[in-house]
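Q: Just so you know, the protein sequences line up as chains A and B, in that order. Here the first sequence is numbered in the numbering used here, starting from 38 and rising by one per residue. Here the second sequence is numbered in the numbering used here, starting from 38 and rising by one per residue.
Note that these hints are calculated values from the structure, not bench results. Don't take each hint at face value.
Copies of the same chain look alike in the list, so a pair counts if it fits in one copy or across any two.
Stated by the list, open to error - List time: in silico SDA-like cross-link candidates among lysine to any residue, alpha-carbon distance up to 20 Å:
1. K201 - L132
2. K264 - T219
3. K296 - K334
4. K227 - E331
5. K285 - R176
6. K218 - E263
7. K231 - Q215
8. K145 - I165
9. K145 - E162
10. K114 - G102
11. K318 - P91
12. K334 - N293
13. K327 - E337
14. K79 - L289
15. K285 - E190
16. K58 - F312
17. K145 - E130
18. K318 - L105
19. K333 - L170
Since the model is a prediction, treat every value here as computed from it, not as a measurement.
Number of protein chains: 2
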Amino acid sequence: MVDVVVLGSMAFDSLETPFGKVDMALGGSATYAATAASLFVKPGIVSIVGTDFPEEHSKFLESRGIDLKGVEHAEGKTFYWKGKYGFDINAAETLDVQLNVVEGFKPKVPEEYKNADYLFLGNFEPAIQKSVLEQMAKRPKLVVSDTMNYYIEKDREAVLEMVKLSDIALMNDGEARQLFKTSSLVEAAKEILKLDSKIAIIKKGEHGCIFMTKDSFFSAPGYPLEKVVDPTGAGDSFAGTLIGYLAKTGDLSDENVRKAIVYASAVASYNAEGFSLDNLKKISLEDIDKRVNEFKKIVEF
Amino acid sequence: MVDVVVLGSMAFDSLETPFGKVDMALGGSATYAATAASLFVKPGIVSIVGTDFPEEHSKFLESRGIDLKGVEHAEGKTFYWKGKYGFDINAAETLDVQLNVVEGFKPKVPEEYKNADYLFLGNFEPAIQKSVLEQMAKRPKLVVSDTMNYYIEKDREAVLEMVKLSDIALMNDGEARQLFKTSSLVEAAKEILKLDSKIAIIKKGEHGCIFMTKDSFFSAPGYPLEKVVDPTGAGDSFAGTLIGYLAKTGDLSDENVRKAIVYASAVASYNAEGFSLDNLKKISLEDIDKRVNEFKKIVEF
Numbered sequence: 038m039v040d041v042v043v044l045g046s047m048a049f050d051s052l053e054t055p056f057g058k059v060d061m062a063l064g065g066s067a068t069y070a071a072t073a074a075s076l077f078v079k080p081g082i083v084s085i086v087g088t089d090f091p092e093e094h095s096k097f098l099e100s101r102g103i104d105l106k107g108v109e110h111a112e113g114k115t116f117y118w119k120g121k122y123g124f125d126i127n128a129a130e131t132l133d134v135q136l137n138v139v140e141g142f143k144p145k146v147p148e149e150y151k152n153a154d155y156l157f158l159g160n161f162e163p164a165i166q167k168s169v170l171e172q173m174a175k176r177p178k179l180v181v182s183d184t185m186n187y188y189i190e191k192d193r194e195a196v197l198e199m200v201k202l203s204d205i206a207l208m209n210d211g212e213a214r215q216l217f218k219t220s221s222l223v224e225a226a227k228e229i230l231k232l233d234s235k236i237a238i239i240k241k242g243e244h245g246c247i248f249m250t251k252d253s254f255f256s257a258p259g260y261p262l263e264k265v266v267d268p269t270g271a272g273d274s275f276a277g278t279l280i281g282y283l284a285k286t287g288d289l290s291d292e293n294v295r296k297a298i299v300y301a302s303a304v305a306s307y308n309a310e311g312f313s314l315d316n317l318k319k320i321s322l323e324d325i326d327k328r329v330n331e332f333k334k335i336v337e338f
Numbered sequence: 038m039v040d041v042v043v044l045g046s047m048a049f050d051s052l053e054t055p056f057g058k059v060d061m062a063l064g065g066s067a068t069y070a071a072t073a074a075s076l077f078v079k080p081g082i083v084s085i086v087g088t089d090f091p092e093e094h095s096k097f098l099e100s101r102g103i104d105l106k107g108v109e110h111a112e113g114k115t116f117y118w119k120g121k122y123g124f125d126i127n128a129a130e131t132l133d134v135q136l137n138v139v140e141g142f143k144p145k146v147p148e149e150y151k152n153a154d155y156l157f158l159g160n161f162e163p164a165i166q167k168s169v170l171e172q173m174a175k176r177p178k179l180v181v182s183d184t185m186n187y188y189i190e191k192d193r194e195a196v197l198e199m200v201k202l203s204d205i206a207l208m209n210d211g212e213a214r215q216l217f218k219t220s221s222l223v224e225a226a227k228e229i230l231k232l233d234s235k236i237a238i239i240k241k242g243e244h245g246c247i248f249m250t251k252d253s254f255f256s257a258p259g260y261p262l263e264k265v266v267d268p269t270g271a272g273d274s275f276a277g278t279l280i281g282y283l284a285k286t287g288d289l290s291d292e293n294v295r296k297a298i299v300y301a302s303a304v305a306s307y308n309a310e311g312f313s314l315d316n317l318k319k320i321s322l323e324d325i326d327k328r329v330n331e332f333k334k335i336v337e338f
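This is chain A alone, in the form it adopts within the complex:
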């Protein structure tokens, strides 16, 4: 039995930022999200890797209590992404993408996952996200999904359907503006709420994020990082912490979702201070609490 089911990619990332570079580092949305969620609860991953995926990465994930029964090992190579971040650290330039085993991926949700109350549908085609949701034995208590500008351009209607099927459809400011064809993030958040969502969360990178329900508006600041060493996985660490914290507390009240967002922002900020999963591997709950307290001081007036 797992607490949170995490759908997403497992990948090798080669990337360069103004602060250095890594080659064939562990990456992928499921990897980041599940590692972050494992700080709070037991996640299980639904994903696919190739025969080149090293045992040491699986061992690391298992050492965090992450269940890998839902990870298919297929003939071929693991998903590969190569990118570069320049002066504007918010925007990655993709130099190479090799889908490899992800091409034609049909996710299979293990029996032991099907009654989980918390489901995170990470960055994959909306059809793959929907298939995982449909394989669940019952509607989970909370479905969080993520999207990407690539899918909005390719099939806007399918992305809108996933927003409708999710309780929280995470997106960043650029994606929200693009999906709802508006310059106003408040207007975009209202559009999300119209699509049967009780909660709208729009991430704004270094500017933090906003949270809106029909009765409430919350703005979480960005943590003041002097150096963003590697922003890869920030959104997935955010999502994994959010759903992990909510699964652990079992409390979806306005007050607790605000707290979960600040925890998520704290973990994402740590993640951005190191390459790959370096910092996610290191940080403890005490580190996170410390940063959450800093967030309190940052907004105090």
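Following the hints, put chain B in place on chain A, whose structure we already have.
A: Relative to the frame of chain A, chain B by itself:
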């Protein structure tokens, strides 16, 4: 005797936004800043207008207790700006600028202004800003200055000197990145502090603003406006409220500057909900307090 001396332009603005347009409306940095400051204290303006500047505008400013002894009436036309805001409401497209009487402007600070404790150096050439500072009988208790990408491109060194001469050098995120050649706003704020400033404030438009001293970091959220009707003068309303509130309270403590920033954000948000000075003319201290309380709820967790 005035409480705050405000240097800046007085202008006619013709502009178009997605929500409508106005022609030859009252504008200019001094107009916005002094009107905002007059909610709290008695400002005096140092500026220049042409013979076409209508009596009704002067009467309005005087009705707010604003002293106009420092406004030179020169032969010729008043400064004119024509602009357009598109889908991205944060960036104005300038369609026409006519400096008119501002060309060759030599500011003269009236005797009655020279002992004021609070000085706002609005958006003008650094040399004009410096000249006003030098005409003061003593160093004011607080000097707040503003700049603009135009001057950074034209004479970076002169802008840096003004940052050094000011206690608070206001700039927006784009200007801060440009002036200090960095993508990190935290790094830019540290550079401001290195230049003898005790306080760095960087405005981020819809994302609010950050405030940094050597011991403290504060992030004020943007007010969740669904419609930004006209962003013209938002920065000047912010600056005018900031210095007006600080002059009224006479308290430059960390805690009080944070409050002043939230008051300034509240007034700037009202201003952006209407064209020209329409909303600045209407709002009361009660309206502002109401919005400041909303800001409290927005950041609560």
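Q: Hints broken by the structure, by number, lowest first?
A: Numbers 1, 10, 15, 17, 19, in rising order.
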